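One line per chain: the protein sequences are A and E, in this order. So in the numbering used here, the last spot in the first sequence is 257, and the numbers never skip. So in the numbering used here, the last spot in the second sequence is 263, and the numbers never skip.
None of these hints come from the bench; they were simulated from the model. Among the clues, some could well be false.
Heads up, simulated BS3-like pairs for lysine-lysine below, C-alpha to C-alpha not over 30 Å straight-line [what the hints assert, rightly or not]:
(1) A/223 - A/119
(2) A/66 - E/5
(3) E/104 - A/214
(4) E/104 - E/206
(5) E/5 - A/223
(6) E/9 - A/223
Treat the numbers as computed from the prediction; the structure is a model and nothing was measured.
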Amino acid sequence: MNDTVATDFSLTGKSALVVGAENPLGMIAAMTLTEAGADLVIASQQPGTGDALRELTRRLAPTGRKSVVQVQSAITRADLSASVDLTVKQLGGLDILVNALDYRSFAPADISDDNALDKIFDNTFRATWMACQEAGRIMRRRGGGVIVNVVSVLAERGVPNASLYCASQAAVLSLTRTLALEWAPDQVRVNALEFGWLESRGQRQAQFEETLRKYLPDHNLIKPEELAGALLYLVAPGARFMTGQSVVVDGGLLCHP
Amino acid sequence: MVLEKLSLKNKVALITGAGRGLGRAMALAMAGAGCTIAAVARTRSQLEETAAAVRQQGSSCMVIPADVTRSKEVNAMVEVAVAELGHIDILINNAGGGTQDYGKPLEEISDEMWQEGLALNLSSQFYCCRAVIPHLIAQQHGRIINIASGLGLRGGKQLFSYTCAKGAVIQLTRSLAVTYARYNIQSNCIVPGVFGEAAERFQGGKFVPMGRPGEYEEIGPLAIFLASDAAHHLNGAMLTIDGGALAGGATPTGSYPQLNESR
Chain A
1 MNDTVATDFS LTGKSALVVG AENPLGMIAA MTLTEAGADL VIASQQPGTG DALRELTRRL
61 APTGRKSVVQ VQSAITRADL SASVDLTVKQ LGGLDILVNA LDYRSFAPAD ISDDNALDKI
121 FDNTFRATWM ACQEAGRIMR RRGGGVIVNV VSVLAERGVP NASLYCASQA AVLSLTRTLA
181 LEWAPDQVRV NALEFGWLES RGQRQAQFEE TLRKYLPDHN LIKPEELAGA LLYLVAPGAR
241 FMTGQSVVVD GGLLCHP
Chain E
1 MVLEKLSLKN KVALITGAGR GLGRAMALAM AGAGCTIAAV ARTRSQLEET AAAVRQQGSS
61 CMVIPADVTR SKEVNAMVEV AVAELGHIDI LINNAGGGTQ DYGKPLEEIS DEMWQEGLAL
121 NLSSQFYCCR AVIPHLIAQQ HGRIINIASG LGLRGGKQLF SYTCAKGAVI QLTRSLAVTY
181 ARYNIQSNCI VPGVFGEAAE RFQGGKFVPM GRPGEYEEIG PLAIFLASDA AHHLNGAMLT
241 IDGGALAGGA TPTGSYPQLN ESR
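Sequences are here, hints too, so could you generate the full structure?
This is the structure:
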């Protein structure tokens with residue numbers, strides 16, 4: 001690593017909170033931030049994910065950075081506020097928040113029930129909204145910070161049977177813009193990281209993915225680790241003039257007909 | 001390690017409009033990340049200044065004076081760069097700017113003025129892509145980074161050829177992305193807001209949500225990232241760096257709306 005890269009992209013001395021650390025996107029966020037030098041709280045609001053998070057801290061250990069696990073029972077104001085407080089208490093501040101809430105459910109719109117609506121919005125938009133509010137207050141008071149909301153490119157596209165999912169992602173993207181405007185005077189930057197079609201880990205989707213590959217400009221689905229560079233750029237000091245925007249990592253999917 | 005993927009060691013970038021402003025800033029930042037630079041602009045004296053600064057970063061810099069609105073000069077420029085440096089990995093189409101029609105009412109814009117604007121801000125990028133693409137295909141890898149503008153996404157009062165050309169640059173990028181991804185060539189564009197000297201035309205940048213215009217140097221890390229292996233899966237993307245301007249209704253007319261102002 002040379003000097004320019006070190007100055008612009010190093011996170012040494014930064015304190016970060018990753019919400020949604022139990023899913024592959026959150027895990028990649030945690031690994032990226034620690035590799036670049038940040039200390040972390042990795043939080044999950046999904047009960048039963050403690051083992052996965054403790055396994056993640058073992059994988060982060062070689063970086064020599066501090067990582068604190070927090071598993072909560074639900075997505076509530078108190079839980080998200082507690083994650084923010086824990087970060088400040090354990091790591092001495094909160095410079096970076098990554099919201100990697102990844103919750104999906106798909107069904108035709110005419111038979112989707114209100115329960116599905118509540119569930120998907122609670123686990124995506126509502127959690128992101130509350131985490132941003134809690135972290136934003138502290139960042140503004142401390143004179144700066146960076147928030148990255150991880151969303152699917154379906155925030156910008158419709159897909160049959162994904163009405164609630166697409167809408168939830170669009171809601172997070174929209175929130176990103178307005179928070180950026182409100183908090184720009186206090187040097188709190190808010191951006192989104194949009195991911196394209198992720199490679200699934202199971203065989204169940206194999207045939208669908210094969211078809212998809214033919215359609216994609218570079219014939220590749222995205223591995224979560226391929227989001228690392230864009231995430232690092234967004235949270236790094238070198239991106240200090242970028243806010244209210246999104247960086248799309250989709251291999252060209254969105255610009256394809 | 002993600003940080004190591006940001007290194008541009010052993011890579012060659014050809015940057016147009018590299019004599020000053022954003023172009024020079026990208027050249028310097030990328031040189032700092034280990035990249036060899038082929039610096040292109042019309043004015044040799046400015047290029048020599050860029051080259052001296054690049055060499056101070058410990059990287060080498062080739063100076064190629066050329067007018068990128070002339071396709072013959074563009075073709076020659078690419079040939080001489082490849083002959084001298086062996087290969088081009090990254091093309092940054094940065095040359096551009098306001099021309100004679102900038103700020104003029106439509107009826108006062110002559111055919112020549114209109115063509116001049118499109119030539120500088122759109123055709124130049126097309127010519128450079130066309131000249132470089134065979135080399136990128138032959139080596140089965142490459143990056144194209146086109147510099148658009150916030151005015152390529154929004155209209156501007158009495159700004160015609162500039163907004164049209166910059167909007168077209170975004171579309172050029174998308175079609176390049178869709179066409180050449182199969183050769184492992186990624187094409188993306190940077191959409192800068194108000195930077196540096198341009199701030200004079202936009203009330204000092206005070207309408208920008210961050211409260212200031214961008215400094216040229218602030219585009220550097222974005223160029224490094226987009227040129228690097230860390231951006232391998234970005235293709236056809238538009239990366240806007242504007243201090244928040246396009247996220248809202250901020251306009252260069254200064255009418256930035258503040259609903260329910262409470263602070």
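Outcome of the hint check:
no. : hint          : result
1   : A/223 - A/119 : holds (26 Å)
2   : A/66 - E/5    : holds (23 Å)
3   : E/104 - A/214 : violated (47 Å)
4   : E/104 - E/206 : holds (24 Å)
5   : E/5 - A/223   : holds (16 Å)
6   : E/9 - A/223   : holds (25 Å)
Figure legend: structure checked against the earlier numbered hints; the only hint not met is number 3.
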